[in-house]
Amino acid sequence: MAKDHEKIIRDVTSGEYKYGFYSDIETERIRKGLDEDVIRLISGKKNEPEWLLEFRLRAYRHWLTLKMPRWPNLTIPSIDYQDIIYYAAPRQKVSPGSIDEIDPELKKTFDKLGIPLEEQKHLAGVAVDAVMDSVSVKTTFREALAEMGIIFCSFSEAVREYPELVRRYLGTVVPHTDNFFATLNSAVFSDGSFCYIPKGVRCPMELSTYFRINAASTGQFERTLLVADEESYVSYLEGCTAPMRDENQLHAAVVEIISEANAEVKYSTVQNWYPGDKDGKGGIFNFVTKRGICRGDNSKISWTQIETGSAITWKYPSCILRGDNSVGEFYSVAVTNNYQQADTGTKMIHLGKNTRSTIVSKGISAGHGQNSYRGLVRVVKNATNARNFSQCDSLLMGDKCGAHTFPYIEVDNQSAVVEHEATTSKIGEDQIFYCNQRGISTEDAVGLIVNGYAREVINKLPMEFAVEAQKLLQISLEGSVG
Amino acid sequence: MEPKSDIAERYSGIYLNNREKIMAGSSDFINSFREKAMERFHELGIPSKKNESYRYTNLEPFFRNDYANYFIPGISDFVKAEEFRCDVTDLDSHGIVLLNGFYPSINGKFSELPGGIRIGSLNEASREFSDIVEKHYSRYAKSDTDGLVHLNTAMAADGVFVHVPEGASLKKPVQVIDLVDSDADTFNQHRNLIVVEKNAEFTIIICDHTNSPQKFLTNAVTEIYVGENSRFEIIRVQNEHNNAAKITHTFIHQERNSFAASNNITLHGGLVRNSTYHRLAGEGAECNSYGLYLSDKFQHVDNFVNVEHIAQNCTSNQLFKGVLDDMATGAFNGRIFVAPGAQGTIAYQKNNSILLTDSARMDTKPQLEIYANDVKCSHGATVGQINEDALFYLQSRGINKKEARLMLMFGFAHEVIQNIKVDPLRDRMDNLVMQRLKGELSRCASCMVKCG
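Line order of the protein sequences matches chains W and D. Note that my numbering gives residue 43 to position 43 of the first sequence, counting from 1, and the numbers run on in steps of one. Just add 482 to wherever you are in the second sequence, counting from 1, and you've got my numbering.
Quick caveat, the hints were computed from the structure, so don't treat them as lab data. It is possible that some hints are incorrect.
[To be verified] Here are the simulated EDC-like pairs of lysine to aspartate or glutamate, each with C-alpha atoms no more than 16 Å apart in a straight line:
(1) K400(W) / E851(D)
(2) K903(D) / D856(D)
(3) K381(W) / D807(D)
(4) K381(W) / E851(D)
(5) K858(D) / D279(W)
(6) K832(D) / E421(W)
(7) K858(D) / D178(W)
(8) K353(W) / D297(W)
(9) K653(D) / D613(D)
(10) K353(W) / D840(D)
(11) K381(W) / D840(D)
(12) K400(W) / D297(W)
(13) K400(W) / D856(D)
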């Protein structure tokens, strides 16, 4: 029995990373290193207005005063910020008008990743903004969405075409002084998605951004800004992959969400950056700042994340519940296998009255993986009748991995009801035995149990991606039980 | 690491200026730790809010205060402590009174209890039972982050020493009344060492009291060794006035198949910080850590628990509950650490708090750090208020609201008290809690100390 387990673990964990190929595309890069000239260069390349350059420079000057924080439960090799290329873009026409103008090699890459740049019928329910390295390649269904007044385009286009909107919201949720990586991002961010849902509009399709790192020794610093005006609804999904390389590449993104009165935003992530090989060599450092604010009354923000990739993940999608009766949700499955590390969780800041938040975090550790949940629930003095429920479960597979929980609960109002519970255990031998008894092989049984364990979160994903996420889980983990 | 503060600087100065006085009573062995500990303290400083485990507690105002006395090795004080002892009424326990951290042993005599259990001053013990002291002293009280443990090692001049020999067991618990009494503001530190050898059983109650209204700051370290197959229980009852700050560090080291329970019952106190460290070093060891805090006015109670599962097949259980009224603030900081290879671990942790007013505040931080896979660990934390349904149920049965609230709070607190294994003691605690909830408690009823 034990032998079988070991074999299954070996088979599964030695499985190849499916998206690890590299596309030979002519790429335009700038020199390595970071200084004010580089920032001016990036800004110049994107023909940015003066105020945005100022924003970048302010952030950069502040960044120089910061030190990399040491509080996460992670072992991070030192990063040489002068050894990174901060801008790399596939060479192509500035903004391709039709699909024929896109480099066929580029198109092939995204086809291979399963992200069609054509507006295909069978994926008619999803509009995609495809980002390769530092620039957005193509945004599909722009026209169809524009008819409803929805703006969905790359960040650079938004800066050119809707500067007022961008200027009004940029940095309001994650200020340029927020933290080390958010500040770095504010200084050098290259592209990303911008989305604006006007008042009373229910976005008819899933919006999606697909991030791909392709070029070597670059970092990806994208910035997503999502604004849902009053009484609107949008479901947004991001996915990401990168080639297999021995070097570590830095990905430091910022996502800002603004949800006005009665609006609802659902933000889902399927993160599958290259996690490094089974000896822990290579992989992406995924240091991301994501935060949403429920500005108006009765607004809602829901985060769902499936974290299976990256060598090191460090992200805390958070909600500031400012409007009365606003709702924040966080659903997460984080998987660490081999030498992956994750320190992830959320912050729920209750400012308004009758605000509610739910946190469901499922951590799965296998191999030498280290998985930490870190979360904060804060109820301020005036937030009467705040309600929070948090559940953090960890599943351990193998005796070399670790699972950790660091919740912070700060309650300053007597009417608040805040609950937190967490459990850590391995897959029960009795559960596996039960399945075996009914003719289910150990490998399938583990898959079954893991999927059941993560179901609560996967169910929150949009249909098209739930299937994908389930498969991903299976690949990342199945059979890792010892 | 803390930035070095001027306060740390000041305490270093106090140590240097009074080195002879501090060292006078202690043996060479105990004195040999002082220099190094002072260096460590100087590095770490007084824990500030930047220190993760002190995140919600601000010690600075208490340490900034200028105390008239930092240690009281004068002979007159021993006499005073002796006087207290004379008035002890005999209850169901063996009583000892500790005055400002000093054991009243003018004659240097050890009290010997049935089974060969010896209780006396640590200073005396370090001479008379040097082998035992040298085997255990400063072996368990270790901290990489908390400067106060090192400050205690450097400056504590005395404390209680208990030795429970192999196979000994005592029917009645030992009660240590830790009294703070002075006509000037006092900062005192004491150091206790309790050694429970194999197959023994021992229960100790430590009552923390203030007897005069001056400003007091206490920084106490208690080291406990629980040998193979032994049972040990420590109950700490804290009832101090609102100007007093009490910081305790309790280190419990457990060997194979031993059992230890710790109970921290905080009824009163301006600032109370209890750090309890459980180290399950032998296979099959079990520990329970309980705490109850009832605070009002501007009181602040911070409980820090660190349970380390080093060996396999150990079990731990934490339960901390509290009721916070007025402007009181509370903090709970619990950590379960499961070392690599500590398979078969079962560890539970729970913290429930009730806030009675909008100005009361509770911060809780339960943590799990697990490096082994065959474990069952869970933690839960809640912050809320008295259940409206339960209140309504009681009222519908003709119990008035005030009484019903009291009953519910009492029931809430009783969940902690019920874990005290000694019956008379449990009843006494229930009584104290009831009085406290009614707001009638000024001093512990039926306390052994009757002197003014």
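Quick one, are K400(W) and E851(D) close enough, alpha carbons at most 16 Å?
-> 13 Å, holds
16 Å Cα cutoff - pair K832(D), E421(W) | 9 Å, holds
Does D613(D) lie within 16 Å of K653(D) when you go C-alpha to C-alpha?
-> 27 Å, violated
Pair hint outcome, K381(W) versus D840(D) [Cα-Cα no greater than 16 Å] = 7 Å, holds
Do the alpha carbons of K903(D) and D856(D) lie within 16 Å of each other, as the hint requires?
-> 31 Å, violated
Would you check the hint for K381(W) and E851(D), treating anything up to 16 Å between C-alpha atoms as holding?
-> 31 Å, violated
Does D807(D) lie within 16 Å of K381(W) when you go C-alpha to C-alpha?
-> Given that 16 Å is the threshold and the Cα spacing comes to 15 Å, the pair holds.
Hint consistency between K353(W) and D840(D) [alpha-carbon to alpha-carbon, up to 16 Å] = With Cα atoms ~13 Å apart, K353(W) and D840(D) stay inside 16 Å; holds.
Can the restraint linking K858(D) and D279(W) be considered satisfied, given a maximum Cα separation of 16 Å?
-> 28 Å, violated
Quick one, are K400(W) and D297(W) close enough, alpha carbons at most 16 Å?
-> 47 Å, violated
Are the Cα atoms of K400(W) and D856(D) separated by 16 Å or less?
-> Holds, at roughly 11 Å.
Within a Cα-Cα threshold of 16 Å, do K858(D) and D178(W) meet the stated pairing?
-> Violated. K858(D) to D178(W) sits at ~37 Å, over the 16 Å cutoff.
Of the hints listed earlier, those the structure fails to meet are numbers 2, 4, 5, 7, 9 and 12, in rising order.
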